[in-house]
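Let's have the full structure, built from the sequences with the hints guiding it.
Residue numbers for the sequence shown follow full-length UniProt numbering, beginning at 1 and rising by one.
Keep in mind that a hint or two might mislead.
Stated by the list, open to error - Calculated cross-link-like contacts (lysine-lysine; reagent style DSS-like; alpha-carbon spacing at most 30 Å): (1) Lys667 - Lys583; (2) Lys590 - Lys667; (3) Lys213 - Lys326; (4) Lys676 - Lys583; (5) Lys454 - Lys89; (6) Lys797 - Lys782; (7) Lys782 - Lys804; (8) Lys801 - Lys782; (9) Lys454 - Lys410; (10) Lys667 - Lys588; (11) Lys588 - Lys676.
Claimed, not checked - Computed spacing ranges between beta-carbons, pair by pair: (12) Pro736 - Ser349: 56 to 62 Å; (13) Pro294 - Asp157: 35 to 41 Å; (14) Gly468 - Ala594: 29 to 35 Å; (15) Pro294 - Pro392: 36 to 42 Å; (16) Glu191 - Ser19: 33 to 39 Å; (17) Lys741 - Ala770: 24 to 30 Å; (18) Ala774 - Pro392: 42 to 48 Å; (19) Lys741 - Ala594: 37 to 43 Å; (20) Ala653 - Lys213: 53 to 59 Å; (21) Arg779 - Ala653: 41 to 47 Å.
Hints are computed from structural coordinates only; laboratory data are not their basis. Here a beta-carbon is modelled for each residue, glycine too, at the ideal position from N, C-alpha and C.
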Amino acid sequence: MFDLTRIGAGLPVAETIASLPADGNVVVQAPPGTGKTTLIPPALANQAAHDHAAEHTASGVGKIIVTAPRRVAVRAAAHRLRALSGQPKLVGHAIRGESVPGRAVEFVTPGVLLRRLLRDPELPGVAAVAIDEVHERQLDTDLVLGMCLELAELREDFRVIAMSATVDAQRFSQLMDAPIHVTEAAIHPLEINYAPAPGRAAGERSFYRHLAKQAAQQTAQQASASAGSTLVFVPGVREVNQVCAELATLVDADLPVFPLHGQQSTEEQDRALSTDATRIVVATSIAESSLTVPGVRAVVDAGLARMPRRDAQRGMSGLVTSSTSKSSADQRAGRAGREGPGTVVRCYSQEDYQHFAPHTTPEILSADLTQAALFLDTWGAGQDFPLLDQPPATAMAAARTTLQRIGANKELALLPTDPRLGAALLRYGAGAADTVAKMDENPRGDIARARAQKRLVQRLAALVPDLGPADPGAVVASAFPEQVARAVSAGASGSNSGPSSGSGSGPSAGAGTSREYLLASGTRARLLADSGLADADWLAVSEISLSNAGNAIIRSAARITEDDALEAIGVEETTTATVDGGKIRGRKRKMAGAIELFSTPVQVTGDAAAEALAESIREYGLGLFEWSASASNLYHRLRHLHEHYGLPWPDVAAADPAIWLAPELDKVASGMQIAKVDLYPALQRLLPWPEATRLEELAPERMPVPSGRGVLLDWSGERPVASVKLQECFGLAESPAYCGKRVQFHLLSPAGRPLAITDDLASFWSGPYAGVRADMRGRYPKHPWPEDPWQATATAKTNAKLRKN
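Quick look at the structure:
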């Protein structure tokens, strides 16, 4: 099979490869650049070949599948192993739309392997799956790991190897019930310098505008002083291109500058990786651990990364530019010290570094989960599906709502695209392939004017029938009906704040924005000024970015006619009622989602008025009524009873007003002023029987005190409160308890002014009372202030009246 000595020459992993376990699951921990991606797969292939030979099986040698989180990493790893092994036919790779066969080892993206697992969950002919860069915690990688672990439970001849570049391997070991195979790698001395750009700490827009210039200037200085190549880390494609443009004016023409990111063609990526010449490589986080750029002796790190973030309140997701994690910053720095002493320039302060999060937030906790939910449902994952972190319940619920809307099924899960895009492709057929391909590639601006990869368009078109031409706006709206938007205003340029948050070449902070749009979901978003769409009244939005300040920016969209927009969203006519000046004010509205198409005042009477009032109460609560003291008291008593005892004591706030308030709503609908409505009888109707007979026992309206008077209890707070004159409580040692909480006494002076607050009368009489007595006896000499409150007569009377009695 593979000559491991030849392949592993000079690689630190070669020193430990002999001790790699030959069976069972394994966690391989090795720093970036040590050769784990290059040497572990052929070593696993050799082990599989040995096992098959020992068993004299007729099925042939089991293949090793290796997942890498990015397409460029898949290509690069396969290319390197082919070159080093000298056996290109043994090494294959597969990414979306591109496949090279290999008999022994195949490198793939997690998305490719996920769909293979869904087609055939047994993975016949595969001896092991090695999952590289698991520490990056990409969503598809987490899902692949879980599925493969479940497969390993069913197939004794199948192994799972998780490969990590960080020291956080223990959690994977516990999840997989696997040993950790460690390779140490000496890092040469690093000189780390901090050169923070002005305004970074405060997140000022000027910092993001000048980020490319700052990074380019630091890079030019390092490149002139370094004996090797310089690797630059910036957050996105736009910044990569900006830094490369700046460097063109700062460095000598004979020092090549290469961009490196996931949107490049294979040839463009190879130019940055395949040469040994001294050069500058400007990259996204793709070069952090997935790829090794040889010859690097200097690193310039902007300290930023683009990360997915889901806004649950607005039901939208986007990529947000934010500070990278400490572990990522350390990996970036380590790239300068693999081959010799290196230099690192961090475009942030040491204090900034100390405030970075220890590790990157797993995508499963922050990203849109629609596709993940589809994969898990198609797989048949149960509650015990092996994941390091469970997905947020609200995000999963939103994802499954989306899947239900688009009619998701296994066919949709197998399409090589997002399920919403796949649903649009299935609906409109081959005529939508061009638009779907563009949406998948996240262009900037007008989708109709963007260009899609011809090969991807052809591949998508071949998957569905030809149903004729499809309007781009209608296709986008079909995929994202909640993102159909209507213009509501024109905005001033430069109103956006914060960095770019789009994937790839998103706009930087301070980029001009114009015209505000209201989405059907209710979110307001601004359109980029240079999008070419500013004259459109209706848009079908394919991608929205979230700035660090939480502002929504429309990155890409297509024009759409009003008819197509309304068909995608759906139109609903509603009549709402509000109370103004004690009278019902009705309004008829025609709505497309949150977009108001038509609104006019209408007279609302009868059942329509009652239902409109009920809907208003459901949305805004009972604040439109004027509450009597008795109604307010009963409402709060019921609240305490429900909170402590639960059912059958009712939750008034959740009760349907159309039922319990029906007689009152009918009266208002018939013309009664709402101020005259008494809610006390309505609340009485909510009392459960026969439990209501214990109302005064469990939550009394009044509480007796030693003076013989019944004191009104205030139930409006978190506990019942009794405001009572101090003298009326002489001899009372313990605060009564109702609904699990002791009554709080507000002890008052004879004039009704507060003297003390306590729910522990025994402690009060034994301590603070003496001070209160000393202060008050001279001010209120006509009232009793005994030295011993325990033996005194509780009373609300003066001393003179007490003597007469």
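Checklist line | Agreement of Lys676 and Lys583 with the hint, judged by alpha carbon distance not exceeding 30 Å | finding: Holds, because 11 Å separates the two Cα atoms, which is no more than 30 Å.
Margin query: Holds or violated: the 41 to 47 Å window for the beta-carbon distance between Arg779 and Ala653?
Written below: holds (44 Å)
Next item on the list: Given the hint that Lys590 pairs with Lys667, test it: the Cα-Cα distance must not exceed 30 Å.
Entry: holds (28 Å)
Notebook entry, point to check: Between Ala774 and Pro392, does the C-beta distance stay in 42 to 48 Å?
Noted result: Since Ala774 and Pro392 have Cβ atoms about 59 Å apart, the given range 42 to 48 Å is violated.
Margin query: Just to be sure I understand the hint, the distance between the Cβ atoms of Lys741 and Ala594 should be within 37 to 43 Å; is that true here?
Written below: Hint holds: Cβ distance 42 Å, inside 37 to 43 Å.
Item checked: 33 to 39 Å as the expected CB spacing between Ser19 and Glu191, which holds or is violated -> Because 34 Å falls inside the window, the suggested range holds.
Next item on the list: Decide if the proposed pair is consistent with the structure: Lys667 and Lys583, CA atoms, cutoff 30 Å inclusive.
Entry: holds (12 Å)
Check: Between Lys667 and Lys588, does the CA-CA distance stay at or below 30 Å?
Finding: Holds - the C-alpha atoms of Lys588 and Lys667 are around 22 Å apart, at most 30 Å.
Note to self: Check whether the Cα positions of Lys454 and Lys410 lie no farther apart than 30 Å.
What the structure shows: holds (26 Å)
Next item on the list: Indicate whether the distance between the beta carbons of Pro294 and Asp157 respects the range 35 to 41 Å.
Entry: Roughly 37 Å apart at Cβ, these two residues keep to the hinted range, so it holds.
Notebook entry, point to check: Quick one: are Pro736 and Ser349 within 56 to 62 Å, going by C-beta?
Noted result: holds (60 Å)
Margin query: Assuming the hint says 29 to 35 Å, is it satisfied by the Cβ distance from Gly468 to Ala594 or not?
Written below: holds (32 Å)
Hint check: a violation occurs at hint 18 only; the rest are consistent with the structure.
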